[in-house]
Amino acid sequence: MNDEQYTIHHIEHISSRSFEEVITDFETLVGNVENGTFEKLSAAANNEEDFSKRVREHEGKSGFMQFLLVDHGQWLPHVGINGKKARMYTIGNPLIAQTMLKYDIRVGLNVPVRLFIYENSNDNTVRLAYDLPSSLMSRLKNEEVTTAAKKLDAKLGDLCENVANAFKRQN
1 MNDEQYTIHH IEHISSRSFE EVITDFETLV GNVENGTFEK LSAAANNEED
51 FSKRVREHEG KSGFMQFLLV DHGQWLPHVG INGKKARMYT IGNPLIAQTM
101 LKYDIRVGLN VPVRLFIYEN SNDNTVRLAY DLPSSLMSRL KNEEVTTAAK
151 KLDAKLGDLC ENVANAFKRQ N
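Numbered per full-length UniProt numbering, the sequence shown spans residues 1 to 171.
If you're looking for bench data, these hints aren't it; they were derived computationally from the structure.
Every value quoted in this text rests on a predicted model; they were computed, and no experiment measured them.
Worth double-checking, as some hints may not be accurate.
[Unchecked claim] Simulated restraints on C-beta separations:
hint, residue 1, residue 2, range
1, V79, E144, 22 to 32 Å
2, I105, E20, 37 to 47 Å
3, A154, G80, 16 to 26 Å
4, G157, V70, 19 to 29 Å
5, A166, T90, 18 to 28 Å
6, E20, K141, 28 to 38 Å
Glycine included, every Cβ here is placed at the ideal spot set by N, Cα and C.
Turn these sequences into a full structure, and let the hints guide you.
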């Protein structure tokens, strides 16, 4: 057994907008490959160029795709916890992930990334929370991974900042 400890940098973008507005805008900016869509996309690709093309067709304006949604607010009332609005998303893009995975396969533990959007009842704000990808990758001690992960940090931060502050829709 290998037991390591390292420091994680946790980020929360704070919005005064409603939970519903934040969720709507977030889901507008992120593509969706749930329910077997990604597996079908991957299986249908003939080569790297075809795979990249298919991925680009499914990514949202943010460059990310939603792989999984867990709506905690939906199931919590069944165990006696009412009035909570919280969703955990797993988002990413294999074209971004490969920029790190090619240097160390262990990156796969932390990509795609998890993002938690929740209503904070203490101050009536909505929070977009995540662990900074580069801090999650820091234990690998690989400069190439860290450099690529910092680009992911910036992209994820931009997405959350845009959603928290009501991005301007470009229709």
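Hint check:
{"no.": "1", "hint": "V79 / E144: 22 to 32 Å", "verdict": "44 Å, violated"}
{"no.": "2", "hint": "I105 / E20: 37 to 47 Å", "verdict": "39 Å, holds"}
{"no.": "3", "hint": "A154 / G80: 16 to 26 Å", "verdict": "41 Å, violated"}
{"no.": "4", "hint": "G157 / V70: 19 to 29 Å", "verdict": "22 Å, holds"}
{"no.": "5", "hint": "A166 / T90: 18 to 28 Å", "verdict": "24 Å, holds"}
{"no.": "6", "hint": "E20 / K141: 28 to 38 Å", "verdict": "42 Å, violated"}
In the structure shown, a violation is registered for the earlier hints numbered 1, 3, 6, in ascending order.
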